[in-house]
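Engineer: Residues per chain, in single letters:
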Amino acid sequence: MINKTVKNGVEAVSDIENGAVLLVGGFGLCGIPEACINALLQTNLKGLTCISNNAGVDDFGVGLLIKQRMLRKLISSYVGENLEFEKQFTTGSLELELIPQGTLAERIRAGGAGIPAFYTPAGIGTHVADGKEVREFDGRLFLLERWIKADFSLIKAWKGDTAGNLIYKGTARNFNPLMASAGKITIAEVEELVPAGELDPNQIHTPGIYVQRIFQGDGYEKRIENKTVSK
Amino acid sequence: MLSKKQIAQRIASEIKDGQYIYLGIGIPSLVANYLPEQLQVVFQSENGLLGIGPYPEKDNMDPDLINASKETISMVKGSSLFDSAEAFAMIRGGHIDLSILGALEVSENGDISHWKISSGLIKGVGGALDLVASGAKLYIAMHHCHKDGTSKLLKHCKMPITGIKCVQKIFTDLGVFTILPEGGFKLCERAPGVSIEEIKAKTEGRLVVKGEIKEMELFDNE
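So the protein lines, in turn, are chains A and B.
Okay, so the first sequence: first residue is 5 according to the working numbering, each after it adds one.
Okay, so the second sequence: first residue is 76 according to the working numbering, each after it adds one.
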């Protein structure tokens with residue numbers, strides 16, 4: 005079996021260049037590639053385009069890349085309350101493209117699956133439809149949306165093996181499997197890396213073919229954005 | 076006038092056994108607290124879960140298990156987990172029976188606006204555009220007026236549109252309304268102690284009042 009193992013995040017991201025387009029996994033702070041984000045922070049990269057469902061918070065997740073002014077453009081469905089983002093957006097140094105969440109997910113899935121465009125009902129009659137082809141099917145209107153692909157996908161799984169097969173946990177799966185398939189080079193970081201053959205093939209969520217590099221991260225903070233408990 | 080809790084209680088009485096349901100943030104998220112126990116329904120979370128359970132106990136918080144509001148949650152027995160594309164495939168595909176969302180404005184032809192705008196910046200659209208475009212049943216839970224007293228039930232939405240002609244029913248602190256096929260808010264019930272005159276005065280869009288309008292009954296399932 006092909007061995008995709010690299011030493012750590014720093015080695016994994018070492019050939020990312022200025023201006024690269026990155027898909028970054030996670031929903032809020034759940035299932036984000038913490039180690040790769042930390043490795044990026046140790047570089048002087050500039051002008052990156054980051055495609056991620058959210059923008060993290062000011063001091064964690066994608067928010068750290070914004071704070072260090074590494075991004076030229078952010079493509080998300082919801083950026084929320086990120087002050088640093090707001091500052092850079094208002095001064096014009098950071099561009100934002102907002103995409104309905106389901107459309108974002110499907111565009112990434114399409115990118116990985118070789119489907120250049122598809123029709124979706126989301127956004128009909130809204131400003132999302134501006135400049136896009138609208139077509140009627142069975143009496144309803146749909147918008148043409150294009151695929152999304154990236155130079156690198158940075159994703160996070162729970163367990164992985166040296167062949168790049170991945171298993172996610174809970175709702176930390178979210179955008180990660182889609183992004184795995186849509187990156188020219190997909191870097192997967194996992195909490196536990198095992199030799200190929202130790203994971204049950206029946207339980208694999210992302211087949212190793214989509215993953216070019218894999219490593220075991222350490223010291224995961226896994227910050228919780230909103231701690232809610234029952235009385 | 077109803078409290079947020081009472082609006083949620085009123086909507087809870089509309090929910091039917093066996094439904095798959097999406098609850099938005101705000102008042103809609105409270106609906107789950109008021110369901111009769113014998114009702115078997117499943118709540119979907121757009122970040123990849125069917126079977127949202129109550130908030131966990133303090134020692135059981137799992138950073139890998141959150142809802143779309145990024146709150147820690149639990150799973151009920153028989154839950155399933157999936158990725159974001161799958162989550163929206165079941166939404167757009169019409170597999171969710173009922174969506175209950177908040178809104179900033181609803182127009183008399185059933186358009187909805189939910190976008191947050193502050194200092195010229197739209198902070199996001201999230202999954203609402205996909206939800207309202209799915210063709211599934213859509214109920215709106217919201218206050219009848221903005222904090223400054225202006226109506227949220229309008230002739231045309233003034234804020235950026237989330238979706239067009241998608242709302243079926245609206246539950247506010249003043250009453251329950253359906254959207255008529257030809258346009259207009261049809262008053263179905265009024266909140267206890269609220270007069271038709273008050274509802275008329277606080278509804279900017281076309282209000283249709285036909286026959287006797289009963290006060291709603293509230294069942295306390297807490």
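These are computed hints drawn from the structure, not numbers from a lab.
We treat Cβ as the ideally placed atom computed from N, Cα and C, and that holds for glycine.
Accuracy of the hints is not assured; some may be wrong.
[As the list claims (entries may be wrong)] Calculated lysine-lysine pairs in the DSSO-like style (CA-CA distance at most 27 Å, straight line):
1. B:K233 to A:K231
2. B:K261 to B:K80
3. B:K261 to A:K77
4. A:K226 to B:K80
5. B:K233 to A:K235
6. A:K71 to B:K145
7. A:K231 to B:K275
8. B:K145 to A:K173
9. A:K163 to B:K145
10. A:K188 to B:K244
11. A:K231 to B:K261
12. B:K233 to A:K136
13. A:K235 to B:K80
14. B:K261 to A:K235
[What the hints assert, rightly or not] Stretch by stretch, here's where chain B covers chain A in the computed footprint (C-beta under 8 Å, at least three residues):
15. 6-13
16. 71-80
17. 149-162
18. 189-202
[To be verified] Here are a few chain A residues that face chain B, going by a calculated C-beta distance under 10 Å:
19. N58
20. L108
21. R144
Engineer: Is the Cα-Cα distance between K71 of chain A and K145 of chain B 27 Å or less?
Structural biologist: holds (22 Å)
Engineer: Is K188 of chain A close enough to K244 of chain B, meaning Cα to Cα at most 27 Å?
Structural biologist: Violated - the C-alpha atoms of K244 of chain B and K188 of chain A are around 46 Å apart, more than 27 Å.
Engineer: Given the hint that K235 of chain A pairs with K80 of chain B, does the C-alpha gap stay at or below 27 Å?
Structural biologist: Cα-Cα ~17 Å, so holds.
Engineer: Please verify whether K226 of chain A and K80 of chain B have alpha carbons no more than 27 Å apart.
Structural biologist: Measuring from Cα to Cα gives roughly 33 Å; hence the hint is violated.
Engineer: Mind checking, does the segment 149-162 of chain A have 3 or more residues with a CB under 8 Å from chain B?
Structural biologist: violated (count 1)
Engineer: With a cut-off of 8 Å between beta carbons, are at least three residues of the segment 6-13 of chain A near chain B?
Structural biologist: Contact hint for the segment 6-13 of chain A vs chain B: violated, 0 residues under 8 Å.
Engineer: Would the stated hint for R144 of chain A survive a check requiring a Cβ distance to chain B of less than 10 Å?
Structural biologist: holds (7 Å)
Engineer: Hey, does the L108 of chain A contact hint survive, CB to chain B under 10 Å?
Structural biologist: Cβ of L108 of chain A sits 8 Å from chain B, so the hint holds.
Engineer: Are there at least three residues in the segment 71-80 of chain A whose beta carbon sits under 8 Å from a beta carbon of chain B?
Structural biologist: Result for this restraint: violated, n = 1.
Engineer: Quickly compare the C-alpha distance for K261 of chain B and K77 of chain A to 27 Å and report which way the hint goes.
Structural biologist: The given pair, whose Cα atoms are some 45 Å apart, is violated under the 27 Å limit.
Engineer: Given that the segment 189-202 of chain A was listed as covered by chain B, double-check it with a C-beta distance under 8 Å for 3 or more residues.
Structural biologist: violated (count 0)
Engineer: Take a quick look at whether K231 of chain A and K261 of chain B sit within 27 Å of each other, Cα to Cα.
Structural biologist: Violated, because 40 Å separates the two Cα atoms, which is more than 27 Å.
Hints 1, 3, 4, 5, 7, 10, 11, 14, 15, 16, 17, 18 from the earlier list are contradicted by this structure; the remaining hints agree with it.
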